[in-house]
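Number of protein chains: 2
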Amino acid sequence: MDETQELETVFEQLKKDLDEGNLQEFRETFLDMHTYEQGQFYQSLTEAQRLIVYSYLSPKEVGDMFDVIEEDNEYMKDYLSEMRLSYAAEMLSEMFTDNAVDLLSTLDKREVAKYLSLMNAEDAAELRVMLHYEDDTAGSIMATEYVSIVANQTVRSAMYVLKQEAKTAETIYYIYVVDQENHLVGVISLRDLIINDDDMMIADVMSERVISVHVGDDQEDIAQTFRDYDFLALPVTDYEDHLLGIVTVDDIIDVIDEEAASDYSGLAGVNVEEISENPIKAAGKRLPWLITLLFLGMATASLISHYEVLVSEASILAVFISLITGTAGNAGTQSLAVAVRRLAMNDDKENSFFATVIGEVLTGIVTGAITGLTIFAIVAVWKGNPILGFVIGMAMMCAITVANLAGSLIPMLMDKLGFDPAVASGPFITTLSDLTSVLIYFNIASLFMSYFIGS
Amino acid sequence: MDETQELETVFEQLKKDLDEGNLQEFRETFLDMHTYEQGQFYQSLTEAQRLIVYSYLSPKEVGDMFDVIEEDNEYMKDYLSEMRLSYAAEMLSEMFTDNAVDLLSTLDKREVAKYLSLMNAEDAAELRVMLHYEDDTAGSIMATEYVSIVANQTVRSAMYVLKQEAKTAETIYYIYVVDQENHLVGVISLRDLIINDDDMMIADVMSERVISVHVGDDQEDIAQTFRDYDFLALPVTDYEDHLLGIVTVDDIIDVIDEEAASDYSGLAGVNVEEISENPIKAAGKRLPWLITLLFLGMATASLISHYEVLVSEASILAVFISLITGTAGNAGTQSLAVAVRRLAMNDDKENSFFATVIGEVLTGIVTGAITGLTIFAIVAVWKGNPILGFVIGMAMMCAITVANLAGSLIPMLMDKLGFDPAVASGPFITTLSDLTSVLIYFNIASLFMSYFIGS
Chain R
787 MDETQELETV FEQLKKDLDE GNLQEFRETF LDMHTYEQGQ FYQSLTEAQR LIVYSYLSPK
847 EVGDMFDVIE EDNEYMKDYL SEMRLSYAAE MLSEMFTDNA VDLLSTLDKR EVAKYLSLMN
907 AEDAAELRVM LHYEDDTAGS IMATEYVSIV ANQTVRSAMY VLKQEAKTAE TIYYIYVVDQ
967 ENHLVGVISL RDLIINDDDM MIADVMSERV ISVHVGDDQE DIAQTFRDYD FLALPVTDYE
1027 DHLLGIVTVD DIIDVIDEEA ASDYSGLAGV NVEEISENPI KAAGKRLPWL ITLLFLGMAT
1087 ASLISHYEVL VSEASILAVF ISLITGTAGN AGTQSLAVAV RRLAMNDDKE NSFFATVIGE
1147 VLTGIVTGAI TGLTIFAIVA VWKGNPILGF VIGMAMMCAI TVANLAGSLI PMLMDKLGFD
1207 PAVASGPFIT TLSDLTSVLI YFNIASLFMS YFIGS
Chain W
787 MDETQELETV FEQLKKDLDE GNLQEFRETF LDMHTYEQGQ FYQSLTEAQR LIVYSYLSPK
847 EVGDMFDVIE EDNEYMKDYL SEMRLSYAAE MLSEMFTDNA VDLLSTLDKR EVAKYLSLMN
907 AEDAAELRVM LHYEDDTAGS IMATEYVSIV ANQTVRSAMY VLKQEAKTAE TIYYIYVVDQ
967 ENHLVGVISL RDLIINDDDM MIADVMSERV ISVHVGDDQE DIAQTFRDYD FLALPVTDYE
1027 DHLLGIVTVD DIIDVIDEEA ASDYSGLAGV NVEEISENPI KAAGKRLPWL ITLLFLGMAT
1087 ASLISHYEVL VSEASILAVF ISLITGTAGN AGTQSLAVAV RRLAMNDDKE NSFFATVIGE
1147 VLTGIVTGAI TGLTIFAIVA VWKGNPILGF VIGMAMMCAI TVANLAGSLI PMLMDKLGFD
1207 PAVASGPFIT TLSDLTSVLI YFNIASLFMS YFIGS
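Line by line, the protein sequences are chains R and W. Just so it is clear: in the first sequence, position 99 is 885 by my numbering, and no numbers are missing. Just so it is clear: in the second sequence, position 170 is 956 by my numbering, and no numbers are missing.
Treat each hint with caution, since some may be false.
When chains are identical, the list treats them as one kind, so a pair holds in a single copy or across two.
[To be verified] Under the rule of at most 20 Å between Cα atoms (straight-line distance), these lysine to aspartate or glutamate pairs were calculated in the EDC-like manner: (1) K949 with D983; (2) K801 with D1003; (3) K949 with D984; (4) K1067 with D990; (5) K801 with E814; (6) K953 with D990; (7) K953 with D983; (8) K953 with D1016; (9) K846 with E912; (10) K949 with D985; (11) K846 with D1016; (12) K900 with E1026.
Treat the hints as calculated values from the structure; they're not laboratory data. Keep in mind that this is a model prediction, so the values were computed, not measured.
Next up, chain R with everything else stripped away, as it sits in the complex:
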């Protein structure tokens, strides 16, 4: 709390400096802050104040701050458009390539072309290549600001290269070793560089078993490699092993957050990432799912309608519809979550397909049997009708088993067919399980009709 207040005071002073034109004081205080805090300050300003900021700070200084705040910021476009064109272009070329590309890919093509035409040819060419990598691949999250050296030099000369590049590289904690054709041949951490004697040759101290990722690799798989190996950065190569860029751990944290939010959204049938919306917009995003499921629910309603005679003869049956569909839906949701999670962990998919589905069905039989017995006892006592209790209990057990089957089989099949298993959301499974549960319930009930007509 104290630190936040302290920061508030600093922000107040900075705003005063802006308003009163104290360029020197502003620069000193501002540049002394962490880039994240600079970003917090910048985002609290009015447009008029921001325009002064652009005249007080260099494109490089604003670019460093933009590197930190660009993630998930809906206003970046507006910020960009209020800068002079050449200032914005220079700032973009000063940003790390991965972040500049993120930002550019939110603009329309004509605007992108405008900015690229104002940069120096080399930066523009690099960004143009980067803009073509597919979303969610290594190419789309890598930066090109890495440090590379050749093997045929001493630790001392490598340290000298490093000092030159330390100011602009995204990370200097791994140094990649390449041959004449820029093939990745080794890696050495700065830690090893420091530990080893200055006169050692890089070729002798580097590690030749480099873990790298391909430019087209899925970002989720890359995140898994980071988790396994505890790396701070990984090199990205093309299919001929040319070094193209690096992925750093801060980007991987964003990937992990993104994937977690997407799994969570899938389970709930709503995109939880977009939360600062007005009710009309939010409703617009949720309705497609709700209406689709409404039609699936209509199938359940038609099915019950088909059994209406049964219900009119034994209205007691209506009492337990929601209990059976509800409980089966809950069990199906559990199965779904376990199956989707197992797919996400994705070790050894082939074996786990049948193992998961069979495991879930067996779990369904056990939970179904116990839940069924419980409800049998309750109904038998409450309604004084053990036959009715038996029907409800039996239907419950079968409905839960089928819900577990659907909850595990559907996401596994989705995944096998190449779709995102999270499309089989919780609401979809519960709505589908309503249908199967009602079918099971009324079929079992029909068999025992004579025992509770009129009850």
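Got chain R sorted already, so can you dock chain W onto it with the hints?
For chain W alone, coordinates are given in the frame of chain R:
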């Protein structure tokens, strides 16, 4: 695929070396692998083979590997118990303190005391302190292997200190500056150390605005700081600003994964972390939720039972029970997910409480109105009964609005009362919303009874 196969071949050779007693070849190949790969190999061995490994590798070498594999490994206990006591104790003291503590905290107290008594006094004292920090706090995930220096020296001499500590420190990429009493007074990154001139004084180049966390801070808040600032490590202090340890980004990735799995589990009403279980055990974990919700579902059944006369007079009402409860449940799940997510982002909780709940209710009114109109039209045409359509549509709209209210209000209240909002799981919200939906539905239907008796 190629890399995996290559690794398989290496593993085969290593096993042969073990069986044939080629100590030298084994050590060379094994120590050349990344510690994660060493761990993969080690975990593929039989107990007899592991016993040979302990005689081929030093406690330090095994400890380095254990640092990487200890996370979420259920067999660590067994591995530990098959080593000689003194070997295990030395290995534990060679591991990073955070990992050693993780491992020790899975053992019972007598065993912990046994290992601690075999270590040197200093290591044992350090671990004993660490074992007392509460779960999920900075203290429980910090390591004590950091590099600290005093300000009154040159960059050159600091680099010298760093070289000495580089082999044992968990990270050398931030160097923390402390005063005589070990108060944290500054920080300098290795990058800055390298960029600056060798004769500069540390006091002049260090940053005095150090972002640090307190030893009792919640790990989720610490993860947020890592996200914001893109740090690789953060210093941990006590309440008098003494430096106690560091939290590193690899541990934060574990925290983020853990929190995501817990949110996901909460939404589904099942612990998705434990997935390698037999059906009986899995059922045992899921049943408490299912049975609890079964009783809540019984309340809904009693309510319908209360309206049984209504149903027997107009059995058509039974047809739409599951459609209304199902759709409202889907909408409530969406609200829940959005509310829990907003709590997790936790910026400015006070304001967002009412904003979230009111926003969700308004969203519910909009989605409810549109869904209600749709079902009104369908029922009016299908059953040729606009009054029935009106009842269903009206009930749908009210039920969705109430489900959105419950879906957002309950997790927000939970959080305000100091509980984990994820306890209000998706299945809980759908089961509760079954109850409110049925109540709404039959109350509205009662008002219009005369229009569809006998239909």
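To see whether the hints hold, each was checked on the structure:
1. K949 with D983: both (17 Å within a copy, 10 Å between copies)
2. K801 with D1003: Neither. Shortest intra-copy (45 Å) and inter-copy (32 Å) distances fail the 20 Å Cα cut-off.
3. K949 with D984: both (15 Å within a copy, 12 Å between copies)
4. K1067 with D990: Neither way: K1067 and D990 sit 61 Å apart in one copy and 53 Å across, limit 20 Å.
5. K801 with E814: Answer is within: at 13 Å inside a copy they meet the 20 Å cutoff, but 61 Å across does not.
6. K953 with D990: between (27 Å within a copy, 18 Å between copies)
7. K953 with D983: between (24 Å within a copy, 14 Å between copies)
8. K953 with D1016: Classified as between: cross-chain Cα gap 17 Å, same-chain 25 Å, threshold 20 Å.
9. K846 with E912: Close inside one copy (18 Å), not across copies (45 Å); limit 20 Å.
10. K949 with D985: both (17 Å within a copy, 15 Å between copies)
11. K846 with D1016: Between copies only: 19 Å across chains, 31 Å inside a chain, cut-off 20 Å.
12. K900 with E1026: neither (33 Å within a copy, 54 Å between copies)
Of the numbered hints listed earlier, those contradicted by the structure are 2, 4 and 12.
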